[in-house]
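**Q** Read off the chains here:
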Amino acid sequence: MKNHPVFTDNDPQNELSTLNLGPTHPATHGVFQNVLQLDGERIVSGVSTIGYIHRAFEKIAEHRPFYQITPLTDRLNYCSSPINNMGWHMTVEKLLGIKTPKRVDYLRVIIMELARISDHLICNSVLGVDTGAFTGFLYLMVYREAIYEIYEEVCGARLTTNMGRIGGFERNFNSIAFTKLRKFLKEYPVALKEFEALLTRNRIFIDRTKDVAAVTAEEALNYSWSGPILRACGVDYDVRAMEPYSSYEDFAFEIPVGTNGDVYNRYLVRNEEMWQSLRIIEQALVKLEKEPSDIFHADVPDFYLPPKEEVYNNMEALIYHFKIVMGEVPTPSSEVYHAVEGANGELGFYLVNDGGRSPYRLHFRRPSFINYAMYAPMSQGMLLSDAIINMSSLNVIAGELDA
Amino acid sequence: MGKITNEELIKRIGDQFAGGVTLVGEPYGLLTMETSRELIIDLLTWLKTDPALQFIFLTDITAIHYPEQEKSIGVIYHLHSLVNNVRIRLKVFLDGDDVHIPTACTVWDAANWMEREAYDFFGVIFDGHPDLRRILNVDDMEAFPLRKEFPLEDPNRVDKKDYFFGR
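Chains A and B supply the protein sequences, listed in that same order.
Note that our numbering numbers the first sequence so that position 234 is 234, with each residue one more than the last.
Note that our numbering numbers the second sequence so that position 18 is 1018, with each residue one more than the last.
Just so you know, the hints here were simulated from the structure itself, not pulled from any lab data.
Careful, some of the hints might be misleading.
[Stated by the list, open to error] A short list of chain B residues far from chain A (calculated; beta carbon distances all over 10 Å):
| # | residue |
| --- | --- |
| 1 | 1010 |
| 2 | 1027 |
| 3 | 1032 |
| 4 | 1034 |
| 5 | 1035 |
| 6 | 1071 |
| 7 | 1093 |
| 8 | 1098 |
| 9 | 1099 |
| 10 | 1123 |
| 11 | 1127 |
| 12 | 1132 |
| 13 | 1145 |
| 14 | 1152 |
[Said to hold, decoys possible] Computed beta-carbon distance windows for the label pairs:
| # | chain 1 | residue 1 | chain 2 | residue 2 | range |
| --- | --- | --- | --- | --- | --- |
| 15 | B | 1068 | A | 170 | 34 to 44 Å |
| 16 | B | 1050 | A | 332 | 31 to 41 Å |
| 17 | B | 1069 | A | 186 | 57 to 67 Å |
| 18 | A | 207 | B | 1097 | 51 to 61 Å |
| 19 | B | 1143 | A | 286 | 50 to 60 Å |
| 20 | A | 132 | B | 1134 | 30 to 40 Å |
| 21 | B | 1038 | A | 132 | 51 to 61 Å |
We put the CB at the ideal spot given by N, CA and C, even for glycine.
Given only the sequences and the hints, what does the whole structure look like? Please build it.
**A** Pasting the structure below:
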């Protein structure tokens, strides 16, 4: 342990104080409890307690048909729910062997990258708040609102989106959605530049974040870190590039990596990823012009609910509707693992299916859960104030941590 | 996909662990193999340290319950070779009365919480684990809730019975 004074046994100063950081503390952004042993302001040891908002999603999922599991995935990482929704839909599509049209893939990419931006902008602006700069947070929060308005046009919901269906989207994007998207693409880069001007070269911010909680690539891989915090350590692992899904292979983008994995590097990586996401969305808009504009789902009548007007007036549609809702469609007995690059790292769905209407077993590989395992060990010897910033930059979302 | 084909992987593992590791299948291209609890740590260590394979990334550890099988509890490992971009899934099935398996914490620190989760929900005992406590459920819980015999809801409830459409 660095800089830790050594006391003799009889020294009256040789006393540690116990501090309950959390479960509800304004500085922890969620329900996290850490019981810390403190020597002054330095952490000697810590124990993380998690599970305060555990909702047994894996058990509930065993009793629900596939399409009813989507709302459960909303509540994992609720800062970027569309990524979870679409990751789940792609898992089921992989199981069923459904091939989605290119237009669906590009629309999904647009929404997933918007979700990534909204997640990263919260993390980075809140990191500013934790280091004492409230302004950046207020600047960027407006644009999360802009993203939520786009979600609203696409699916009607804002936070827990339940967006899309197995095979595509429940309805086509309307023109307002595209207008709002174009407006966002025009305005957000200006705000993001301004935000970077506020923090990136700010002396106070650098002093608070540089070399704080630095993690080597070996340590990060040993703890199975993934996502921006792993890339900040210098490992260029991104599921979008390694195992492209949803036609990510059609896009040109770069994977930013950091050098020493400290809080400042994580901040830089997330900022750069937002720029790359904007780049991907712009490419997707160009690609969409070449695709037929009326396709928004794959042709899978066995799994994609027919339009409601047809259900009420048309026998065939009613039969399909009934079969899907009652789970009368046979599915392959197999197991599938599908991973997407969530905002916090590799979000995996391990689905074991026995041919019934609901999964036999569904396991979520939740990046926040796995990333957070290192928090208590890495806090040892750290100042309490640094540990707060460290937690903020890990961007652990309580919903994803506990599932 | 990756630089190493599944056939090559099967051959290499077969050469190293003659007969100890059996092929389950390749669902959706992901090589799935089964082994015993005596071999699992050797296998994980070898897969991680072999200079050609380098399965350095432990993606996930989880468990599954098949109450009808004699070996009812399965422990499932997902590994990822970031260098070769190949994934592999390993399974170990355990007797329902003897759910002991050596811990993988000796190979990856990430296994700590993953194994605690598997213990919490399935009651798998990871021998040698430094801190095998419940992680998401309350400490004084007695059941292992993801086992199939554990009901999702209180079975005595009547207000939710649906006699006409219940399945």
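**Q** Hint by hint, note whether the structure agrees.
**A** Comparing the hints with the structure gives:
1. 1010: 18 Å, holds
2. 1027: 5 Å, violated
3. 1032: The assertion about residue 1032(B) is violated, with a minimum of 8 Å to chain A.
4. 1034: At about 13 Å from chain A, residue 1034(B) clears the 10 Å cut-off, so the statement holds.
5. 1035: Holds: least Cβ distance 17 Å, greater than 10 Å.
6. 1071: Correct as stated: the minimum Cβ-Cβ distance to chain A is 16 Å, above 10 Å.
7. 1093: Non-interface label on residue 1093(B) holds, nearest chain A Cβ at 14 Å vs cutoff 10 Å.
8. 1098: 21 Å, holds
9. 1099: Check passes; 17 Å lies beyond 10 Å.
10. 1123: Since the minimum Cβ distance to chain A is about 14 Å, residue 1123(B) lies beyond 10 Å and the statement holds.
11. 1127: Fine: 20 Å to the nearest Cβ keeps residue 1127(B) off the interface.
12. 1132: Correct as stated: the minimum Cβ-Cβ distance to chain A is 14 Å, above 10 Å.
13. 1145: 6 Å, violated
14. 1152: 5 Å, violated
15. 1068(B) to 170(A): 34 to 44 Å: Hint holds: Cβ distance 38 Å, inside 34 to 44 Å.
16. 1050(B) to 332(A): 31 to 41 Å: Since the Cβ atoms of residue 1050(B) and residue 332(A) sit about 33 Å apart, the hinted range of 31 to 41 Å holds.
17. 1069(B) to 186(A): 57 to 67 Å: 59 Å, holds
18. 207(A) to 1097(B): 51 to 61 Å: For residue 207(A) and residue 1097(B) the Cβ distance comes to about 58 Å; the hint holds.
19. 1143(B) to 286(A): 50 to 60 Å: Once the Cβ atoms are compared, 55 Å apart, the range 50 to 60 Å for residue 286(A) and residue 1143(B) holds.
20. 132(A) to 1134(B): 30 to 40 Å: 38 Å, holds
21. 1038(B) to 132(A): 51 to 61 Å: 55 Å, holds
The structure is inconsistent with the numbered hints 2, 3, 13 and 14, although it conforms to all the rest.
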